Amino acid sequence: MRLSILLLSIFFCTTTSFAAPEVSEIIAKANLVSYYNGDDGRSQVEMRITDSQNRTRTRLFTILRKDETDGGNQFYYVYFKRPSDIRKTTFLVHKHITTDDDRWLYLPGLDLVKRIAASDKRTSFMGSQFFYEDVSGRSPEDDTHLLEEETADNYIIKNTPKRPDEVEFSSYSVWIDKGSFLPVKAEYFDKTGKKYRTMEVLESKTIQGFVTVTKSKISDLNSGGSTIATFSKIKYDLGLEKSLFTERYLRRPPREARK
Amino acid sequence: MKILKTILCIFIFVQPAQASMDDIKDHLYATTGIDLAGFIETRYGMRTQNDPHQKDESLAEVRLQVDLAKDLDWGVVKLKGDLFHDEVTFETGGEFREFSLLFSPLNNMDIKLGQQILTWGTGDMLFINDLFPKDWQAFFIGRDDEYLKAPANAVKTSLFYNTANIDFIYTPTFEPSEYISGERLSFWNPLNGQLGGQNDQFGLEKRNSTGRDSEYALRIFKNVGSIELALYGYHGFWKTPEGMTTNYRLRYPRLSVYGGSLRNQLLGGIGHLETGYYYSRQSDNGKDPLTRNDEVRFLAGFEREIGKELTASVQYYLEWMQDYSNYENSLAPGTTKKDEYRSVLTLRLTKLLMNQNLTLSFFGYYSPSDDDAYLRPKAQYKMTDNWRLEAGGNIFIGKKLHTFFGQFEDNSNAYMGLRYNY
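For the record, the sequence lines run as chains A and B. Per our numbering: the first sequence = residues 1 to 259. Per our numbering: the second sequence = residues 1 to 422.
Keep in mind the hints are simulated off the structure, nothing from the lab. Remember, it's a predicted structure, so these values are computed and weren't measured experimentally. The beta-carbon is built from N, C-alpha and C at its ideal position, and this holds for glycine as well. Treat the hints with care, since some could be wrong.
[Stated by the list, open to error] No farther apart than 25 Å at their CA atoms in a straight line, the calculated lysine to any residue pairs in the SDA-like style are these:
1. K222(B) - S243(A)
2. K114(A) - G268(B)
3. K205(A) - I156(A)
4. K259(A) - D26(B)
5. K351(B) - F131(A)
6. K88(A) - F103(B)
7. K162(A) - D120(A)
8. K259(A) - D73(B)
9. K88(A) - I24(B)
10. K66(A) - N108(B)
11. K351(B) - S52(A)
12. K114(A) - L375(B)
13. K114(A) - A312(B)
14. K25(B) - P83(A)
15. K235(A) - R255(A)
16. K308(B) - L107(A)
17. K233(A) - L36(B)
18. K114(A) - G307(B)
19. K66(A) - F221(B)
20. K308(B) - Y132(A)
[Said to hold, decoys possible] Some chain A residues flagged as far from chain B (calculated, every beta-carbon gap over 12 Å):
21. P21
22. V23
23. I26
24. K29
25. S43
26. G71
27. G72
28. I97
29. S170
30. S171
31. K178
32. S180
33. V213
In isolation and in its complexed conformation, chain B is listed as follows:
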């Protein structure tokens, strides 16, 4: 709590200082060409029920973001970093969100080097061909949506032609997603069939050999009239540890993905389709029960305005496990069996009020096959151009412990955040 008080003092100090902050920024830009912005924020969240494996606080942190950009004649350098103090894990530290150099060696070519956030694909909070690192933990505890995407150290080469455009991303050292390890959110342990937490974290076989553990991602995209078409390819690893070694250490099995997507106007709104084949290269055609099988994934979505400043969107998502009979045969007796099909429906509602200064939003995942759900209500109010207050929840509902959202039921939480943008 002490840290929160300190932060409040900083806020009170900063408030009247905005005019001079703008002066500092303008002066910095005028003298050095460096563009400065950022925010300082505090967030606090509590579990809405008891979790025997975790503390009641799900989130308690202070964060300062500094975003610097400088335009060189031949390129742009960006540095965006966070300093934070986390009262849940008692960590104080810093991390780069971006540290990159963008330049165009040819008229139709862009290269972006370094730490960067990468996104493609058509899904809304569902990803098929976007195999860039994500931070599911940040998402589940109520950090800003921005933190769902984790940075990757990569080289992005883009080529633009009349026939089609190409993005090629090379990540020299595998960049995994932040998964639910038990560190601050509890999960279902398939080995003992129980929930596990801080004291039940598995060992992990790291993939951090530069060159050998590299990732390659390709997108070929083109607009035909209003239709956006894209083909994707990925060669690397499952981004979360979807496999185990024979001595029960988690590992990231090899994965290749091939897919495509389409997005266009439809019935006064936007429709999108995306599909991908997940080739799990170490699953031995489904005969290895400790490694996730090949999958076909499919996504269809539609979004449109349904009222004044009110937008709704729905998505249908399917994971279809391949070689299912091999998987069934490989399981030890008594093991909980996964379904062949896992389907998820999502609904998003966004309502803007008070000259768009108040946003009420709801995002919900519901899986008919797993009979579980994850609901994300949120209210965000921009008190001034600089101050923003928000409150929301992450509610997990499930009948069974082993389903994807159901396992997180004890992690359901409510949070508040106060941010000052400078």
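So that you can see chain A by itself, here it is in the shape it has in the complex:
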């Protein structure tokens, strides 16, 4: 009897370990890999925005991040370096999972700390094809997830919004790498079912043991515009203090951001 239980449990353990993980588990892991590497992190981002007529604009900024808990609340700090007219502007986000985020913008020319409403996270970040939500993450709780297909390398997961009136898409599919759980591609479909937006990871590296996107591209198929974001000077677990994500440093950018 005891032997049969043992055999049975071995059987179940092995079968579960070979089967595909639950969809929610894939999504949770992908969320952590994308937005929660380490306890904190720093990255310099260059966004190259190209419009349909091939005119380009460039944004250069540093992002600092600190996690309160993995998969939970986070702090983001953005320090703009270029273009020159927004240089030294800083932006602070207290990202909350269950309530609206808190956002502040500091305009150095006026020494003004402006509080910003966070109602619509799906608006363009600095005129690029990236949305605020692409920068700081879309909560997995906002969508229902379905494993659409499994290829040799990827889980393809279809995500349908729980509150469709708050977003511009009807669904989006994400290709998640089976080995690293990094989302490598996404396609967004509008309310008529037409594909209108794509995200592709163009390059990724392992930094301090964390799989990290170093170049990605978001294209708006309707307007013909696209943005390529290149990430450099990436570092994790710098030991950033929580106090760094307050009005004090909004007015007085820390060295970690200015570097």
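Please arrange chain B on chain A, whose structure you already have, making use of the hints.
Then chain B, alone, in the frame of chain A:
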């Protein structure tokens, strides 16, 4: 016009030079650690009606801003200055916007010394507890919004504790706001009940004695969850000459202000409340008709997104004169009487278009009590990452000559500006 042509030539020269400009900046940073940026711009504005006291041009200037910063191991030095030529006043000169040193003698303490721009409070283009110098003239003629704030020579000490944070600002010599003196904008003269301009400027009793004419400003602030709370105190002078001596010279009467503010998320947007008591220490409880009385000021505002890339905000602002009966009794017969309550509503609309490269904005003040208004429409287009073109207006509407915005009706203007950021 000659100067404008010269500037255009400079622009044309500068355009292809941006790549080398970036090289110069990078080289400067690599070799000296000095961070350089700035802009060169030209602005031109015209009155939209005739003003018998002023010329038709309200604005005609060229401006070069140089912004330098150097990171020392123990602090940061900043120098930001403008060189300008003004065709309205025929002035050529320079001014510091900032010349400061920031350092942290303690872990939880910052000190910023020198010429600096200072701002606090929750109002949008309305100020209760922010008693730092402003330049209303720059605002009314259509310079960039940045120029509404004038620099002050001050020492700012900030202390950060878990219980609350403290900012204390000491300004050794009084730093007044730039007021509407008649130099380039006309105003209502309460003594003769008429509009006055360049030839009607009053004499002014200066307050420039270091030590005796000092200002003290305090803010204690704290975030409780998402709620931002602050208490304020100010001891100094009215920032514009709200008083007159018995021989009819303008003066800055003594003033103390005590107030508080609150700001938080509200109904998918941001709501804010601010209040302050203005204790006008030389008004003799309202018995001196030549000095502005004590006031209670109150402000409530709300901002939220109302459409794609479209934000709206509204504010209600109130000035409530204290000791009103004393004021009424002190007035000479026939003098225009101010109301006990002055209320102002503001509306801001901001729409971003063309990948946020085109901004259409509107800011309007309307006073139901004074029945006057001030409208600020503006369009700003970023042609490239470096070039910016803008056009806007400053429109004053009023039925009476003596109301705050109504007196400026003849100053209504439209302007254009072209800026190159390097």
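Hint by hint, here is what the structure shows:
no., hint, verdict
1, K222(B) - S243(A), "holds (13 Å)"
2, K114(A) - G268(B), "holds (16 Å)"
3, K205(A) - I156(A), "holds (22 Å)"
4, K259(A) - D26(B), "holds (13 Å)"
5, K351(B) - F131(A), "holds (17 Å)"
6, K88(A) - F103(B), "holds (18 Å)"
7, K162(A) - D120(A), "holds (16 Å)"
8, K259(A) - D73(B), "holds (13 Å)"
9, K88(A) - I24(B), "holds (19 Å)"
10, K66(A) - N108(B), "holds (20 Å)"
11, K351(B) - S52(A), "holds (22 Å)"
12, K114(A) - L375(B), "holds (22 Å)"
13, K114(A) - A312(B), "holds (14 Å)"
14, K25(B) - P83(A), "holds (13 Å)"
15, K235(A) - R255(A), "holds (14 Å)"
16, K308(B) - L107(A), "holds (23 Å)"
17, K233(A) - L36(B), "holds (22 Å)"
18, K114(A) - G307(B), "holds (20 Å)"
19, K66(A) - F221(B), "holds (23 Å)"
20, K308(B) - Y132(A), "holds (14 Å)"
21, P21, "holds (36 Å)"
22, V23, "holds (31 Å)"
23, I26, "holds (32 Å)"
24, K29, "holds (30 Å)"
25, S43, "holds (20 Å)"
26, G71, "holds (21 Å)"
27, G72, "holds (16 Å)"
28, I97, "holds (14 Å)"
29, S170, "holds (18 Å)"
30, S171, "holds (20 Å)"
31, K178, "holds (36 Å)"
32, S180, "holds (33 Å)"
33, V213, "holds (23 Å)"
Of the numbered hints given earlier, the model fails none.
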